[in-house]
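*Asks:* Given next are the chains, with one letter for each unit.
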Amino acid sequence: MTDDPADADRRGGWRSLLPVSLLVVVAGAQVTLATTAGLSPWKGGGFGMFSTTDDGGRRYVRVFVSAVERSEEISISPSLEDAARRAAVLPRDAELSRLARLVVDRERRHGRSVEAVRIETWRVEYARDTLAATTRLAREFVYRVDPTPASRS
Amino acid sequence: MWTRLPRPVHDAHDDHGVPDSVLTLTAIILLLRPLDVWWLAPFALAAACLSLLSRRVRRAPATWILVALFVAARIVVVWPLSDNHIYLLAYWCLAIGLALTSANPAATLSASSRWLLGGAFVMAVLWKAALSPDYVDGRFFRVTLLTDERFADASLVFGGLSRAEMARNRAFLEPLPEGAELLTPPPFVEPPRLRVFAAAATWGGLILEALIALTCLVPARGRLDLAGHGLLLVFCVSTYALAPVAGFGWLLATMGLARCRPHQRALRGAYVAVFILIVMYSEIPWTGVLADWAGR
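As given, the protein sequences belong to chains E and Y, one line each in that order.
Everything in the first sequence is counted per the working numbering, starting at 1 for the first residue and increasing by one.
Everything in the second sequence is counted per the working numbering, starting at 1 for the first residue and increasing by one.
No lab work stands behind these hints, which were simulated from the structure alone.
This structure is a prediction, so every number in the text was calculated from the model and none was measured.
Treat the hints loosely; a few may be bogus.
[Unchecked claim] Now the stretches of chain E that chain Y is said to cover, found in silico as 3 or more residues with beta-carbon under 8 Å:
#1 21-29
#2 44-51
#3 78-92
#4 131-137
[As the list claims (entries may be wrong)] Listing some non-contacts, in silico: residues in chain Y with all C-beta distances to chain E over 10 Å:
#5 L173
#6 A241
#7 A246
[Unchecked claim] Facing chain E, from chain Y, some residues (calculated, C-beta under 10 Å):
#8 H85
#9 A111
#10 L116
#11 V143
#12 E178
We treat Cβ as the ideally placed atom computed from N, Cα and C, and that holds for glycine.
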């Protein structure tokens, strides 16, 4: 414990500044990701929890697979749930590609052909006065199994 | 610095030493909310147990720097799903480890605590007041009090809703496809008490957080310093009675405790009491009991 808080602050030196420097860097990255890549403000270390209805629970993904004579929406199986949650919270190419690769692996394990995986990320929004709730498409992403992935927003 | 890592530098009874209560409460936090990655959790739990049992382990900087690394690894492994208090826990354990290597650990940790609290609350205020599109206009709490099961009992007790009205409101708040409208939408009932409750939560939370950020970042002495402690205690007592994130509350109480001066015994006792109160909040469904008692 300290004799005086103001003196204590001066004595802290770099050891007391390093942890908060990390906090500032991570929080800055979180704000950047939230404003440019659709990261949910609740996540990522920016302390945006309890500030918006745009949390992970109000985001979801829909996954569609297509191949010759096949185009259908698939349900999110337990093996895909974790990747789907990550993709919904942060719908960047990396997270969406990871989910798409898992979908491809799963489809192939079940002997089903797949040429492309289309992922839609959705979020729920509430009207300012009436609170009427609507779903809005936040991002659409297409992963082509072969050749390399392609994306469109 | 590195040669100091495995061994304690200062005695707990020395005025310059970090008080044992801060270290033991941090270890208890690790035990109460274990890291949920199977290959990390055992190590963090073992470190927490050993630090509670052994004074030497508890006061060794390496213990806390290792725990900080475990927590950071957990954040990386489950990216981006970790809650914000997990980040704060990593920074806090690092702060303890670094402070224990310094010439004046208590002062260093007190300063770290002040900066970390200030940084976290500044960011929380920034999100609520400026970056979020639906906080200041009240939407966040109006929706959350109705749709989040964890707040449901509080809405019944303090908002004056009946369970039937709550169910109808939830049906109303079910999302429709963009542009769609129901011919006969379900009724939406928002009693004045619920609007007042939502507004109090919105503005009370924001003002309190802004004041805490201010008192942490502006060096204060005497009554102003005491007022900063008072605000943090009020925040913990009021927020974690309803908010389902006890881990955050425990961390804030422990960080507040680290800022106390040796002669502030009552204040230290208040922080420990608030820590225990948050344990009670997390284990006793008191709003549910009140709702049942009130016949809601």
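*Asks:* I'd like to know which numbered hints this structure contradicts. Please list them from smallest to largest.
*Replies:* Violated: hint 5 alone.
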